[in-house]
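Chemist: Construct the complete structure from the given sequences, taking the supplied hints into account.
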Amino acid sequence: MRRFVLSCLAFAALLWAADRLTGAALDRLLPHTTTDLRRGMRRHPEVAVLGSSRALYHYAADTLERRLGMRAHNFGVAGQRSPLFHRAVAAMLVAEHPPRLAVLEVDGFTVAGDDDLSHLSVLLPYWRRYPAVKDVVLRRSRWERVKLLSRAYPYNSLALNMVVQRLRRSTDPRLGFQALHGRLDLRAEVVASEVAGARLDPLKVRYLGCLVRGLRAHGVRVVAVRSPSFPASPAERSAADAEHRALAGVLGELEVPFIDFTTADLPEFRDPRFFRDRAHLNEEGATRFTRIVADSLRPWLAAPAPAAAVPATEDGACR
Amino acid sequence: MLFNSFEFVLFFLLVVGPFFALPQAWRKPWLLGWSAVFYMAWIPIAILLILFSTTIDYFVARALDRGGTPARRKWWLALSLITNFGVLFVFKYYDFFIGSAASIGRLTGVGFEPPLLHLVLPIGISFYTFEAVSYTVDVYRGKYPAERSYARLLLFILYFPKLIAGPIERAGHLIPQLEAKARFDYARVRDGLVQILWGFFKKLVVADRLALYVDGVYDHPTHHVGSTALLATVFFAFQIYCDFSAYSDIAIGTARVMGIDLLRNFRRPYFAVGFRDFWSRWHITLSTWFRDYVYQPLGGNRHGFWRTNRNVLLVFLVSGVWHGASWTFVLWGMAHGCLLVSENLWDRFVSPRVPSRLSAPLWLRRAGTFAAVMLAWVLFRADSVGDAAHLYAQMFTNFDLGGLYLGADVRHTAYALFGVAVVWGVERLSEGGIYPRLFAPRLKPVRWLAYASVVMLIVLIGVFDGGQFIYFQF
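Protein chains in written order, with this note's numbering: chain U, 1 to 319; chain R, 1 to 474.
Check the hints yourself; a few may be wrong.
With a cut-off of at most 25 angstroms between alpha-carbon atoms, the simulated DMTMM-like pairs for lysine to aspartate or glutamate come out as follows [to be verified]:
1) R:143 - R:292
2) R:444 - U:19
3) R:28 - R:65
4) U:147 - R:7
5) U:147 - R:409
6) U:147 - R:292
In case anyone wonders, no lab produced these hints; they're calculated from the structure.
Modeler: Encoded structure:
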C-alpha cells in the first residue's frame, strides 16, 4: 500500500509538471496565432465589432476602416451568440484599449433562446488575466473550477489549431473579417432558420446590461445592429418581427441605438446573389452591407462619448 | 451518475479509497450501500423494481433448490421468467408493441387507439434483467446453488461497476469473488486504474468527438449526400465501439481495483474475420448469454443445418429487440442474423469447392467483415427505418464525393481521426491483451510516460461536455 501511495504521489508530480510545461508552452504560443482573441486588440481599434458568425462574416473590417477612416477590427466568433461571450470580449477590449465605438451584432439569441455554454471554451485561455472572463467561464459547469486547476485544460480543443497556425504563419489581412464564398441556392436550401423566440432569458438580459454598462464606463459608444437575413417564409418573418420587438424593448431600456436591417427590408438584400445561406451574407453582400452600415454609424461616432456613470465591478462579476 | 463525470471520480475515490481498510465483514454492506446510492442517483424509486425482481428470484431459487417434481420446478422457473421479463416488457416494450399493433390495425382498417404508458425506462433494466434470469436458470439447471443470503444476491445484481451497461455477469462467476477476501494488490490496482484511464481516453477523446460529426449527419439525414452518409457511418462504427468498450473498460477496471475480475466484453471486434468471429469479439457477455439461454434451449446446432440457421435467425431477432423497442433495432438484429446464415451457407456449400489458393487474403476478409458490420450500423443509429433507407439510398445512388461534409468544425473531425488512429494502432499492437501493451513496457519511466501522455491528450483534446454512454438507453 505504501509503495502504491508513493507511486501515486510521484505520478501526480509528473502529471503536474507535464501540465505546467504544456500550459506554459501554449501560453507562449497563443499570441502568435489567429486563435488569440487579443490579436486584434493590440492594434487598438477605434471601432470594434462584436458578435457571432453573423458579425464575423458580415462586417468587412477593412472596408469599414477605409470608409470611416479609423482603425476597425471584427471580433466576431462563429457560434458565439450569447451576450455572456460578448460581455467577456468587451471586458478584455476595454482592459487592453477602449475603442471609440462598439458595434454589437445582435439577433434573437442575444436576449432569448437556449445557448450551449460549452461554446464559451474559447475564452478559457484568458480566465486568469481578466476577472470578467473568469465570471463567464465559471458558468460553463459546476466543475469548471476543478478543471481550471490544470494549466493545459484552457487549451482544450485549441492546441492543434494553434500549432497549425503557427507552422503556417497564418495572418489576418482582413482584420478579423472572414468572407463567405458561394451563393444561396434557393432550391437546395431547406434548413429553416433557428428561432430564439420572444421569451426573454433573464441571464442574457443581465449580461447584455453588464456588457453595455462596462463599455460605457470606459467612454465607449455602443450601437446594436441586426444585419440582414434573406427574406424567408411568412412564419419566419413573423418570428423575426417578434424577435425585433424583444430586442428593441431590451435595448431601449438600456438606451442603446438599434438598427435592424432584417426588418428594414432593403432592396439590396432581397437578392440571393448576396447571400451564402439564409442567415449569412457572402463576400459581395458583406462588402455592400459594410458600406451601408458604415454610413449609418457616422452620427454615433460624432456624438459625445458617454459619461462613465457606472463603474465596472472589480471582481468582474455581472450582478 | 455517468462514468465520464467528476461525480463518478469522487464516488470512485469515496468507495474504493476506504474499501481495503474496512474489515472483510463490512465490505459487502459497504459495496451494497454505495451501489444502491449509485443507482438511485438517477431515479431513486427505480430501485424498487430491482428489489422486486431480486426478491422474487431469491425465493424462486430457494424453492428450486429444495427440489420437487419437474413440473413444479418448471412452474417456479416460469414465475421468475414472467416476473423479470414482465417488468422489462412493461417498461421497455409495451408502448412499442401496442403502438405497432395499433398502426397495423389502422392500415388494415381495424382502427383502435390503445392507451400507451409513456413510462421512463429505468436505466440498466435490460442488463440486470438478464443477470437475474441467468441466476434463476442456472439454479434451475443445477449449475449454481441458490443463494442463502439475500444481501449477497442483491449485491450480485446491484454491484455498481457493471450495473448500468454490463458486462452481463453470471452468479457463478461474480458471487464467489464478492465473497472472497480481497487483499490490496499493487499490480491489480495499477492494472485496474490503467484500464479505467484507457476507457476515459476512448470515451472522451474518440467516441464523444466522433459523436459531434455523426450526430450532425444522422440528425439531418436528408441534408447530406452519400459520401457524407458513408463517412458518418464509418465514424459511428468507431464511435459505438469506443463508447461501449470504454464503459466496459471503466467498469472492469473499477472492479479490478477492488480485486474482482468482471467478464471480458470486447476483444478487438473490428479485427474479426467473418461474422461468427465478430460476435465472439463484440459484446461477448451478451452473445454468450444468448448462446446459453436462447440458442441452446432452441436446440442450438444439434438438429441439423437448417434448424441451426433458424435458431441463429431467432437469436438475432431477439438480440435486436433486446437492444431497443424500435423497428430499426429489429432490422439490425435480422441483418446480423442474415449475415451469419450467409456465412454458414458459404462455409457449407461454396467454401469446400473453392481451391485454397483462390481464397481471399486475410486483410480482405477482415475488411469485408468490417464493411458489412459497418453498413448494418446504419440501422442501429438511424432514428427511423425511413432515415436508414434514405441513407442507404444516398450511399449507393448519390455518393457525390465533391459534396462531402467535413463537419461544422473540421478540427473535431481531425481530432476524431487522430483518436481513431491511436485506438486502432494501440489495439493492433495489443494482440488481445487485457489492456494495451502500450502501457506494459518493463521500464517504469516509459510506462509512466505513456500514462501521462494519455492523460494530457484527454486534457487537450477530450470532450468534457459529451453525453452519456450509448448503451445506457438499453
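Chemist: Each of the hints needs a verdict: does it hold here or not?
Modeler: Hints, one by one, checked against the model:
With a CA separation close to 12 angstroms, the supplied pair residue 143 (chain R) and residue 292 (chain R) stays within the 25 angstroms bound. The suggested pairing of residue 444 (chain R) with residue 19 (chain U) holds, with an alpha-carbon distance near 20 angstroms, which does not exceed 25 angstroms. For the given pair, residue 28 (chain R) sits about 24 angstroms from residue 65 (chain R) by alpha-carbon distance, which is consistent with the 25 angstroms threshold. Our distance criterion of 25 angstroms between C-alpha atoms is met by residue 147 (chain U) and residue 7 (chain R), whose separation comes to about 13 angstroms.
Simply put, residue 147 (chain U) and residue 409 (chain R) have alpha-carbon atoms about 23 angstroms apart, close enough for the 25 angstroms limit, and the pair holds. The straight-line distance between the Cα atoms of residue 147 (chain U) and residue 292 (chain R) is roughly 46 angstroms, outside the 25 angstroms bound, and the hint therefore fails.
Going through the hint list in order, the structure does not satisfy hint 6, though it satisfies all others.
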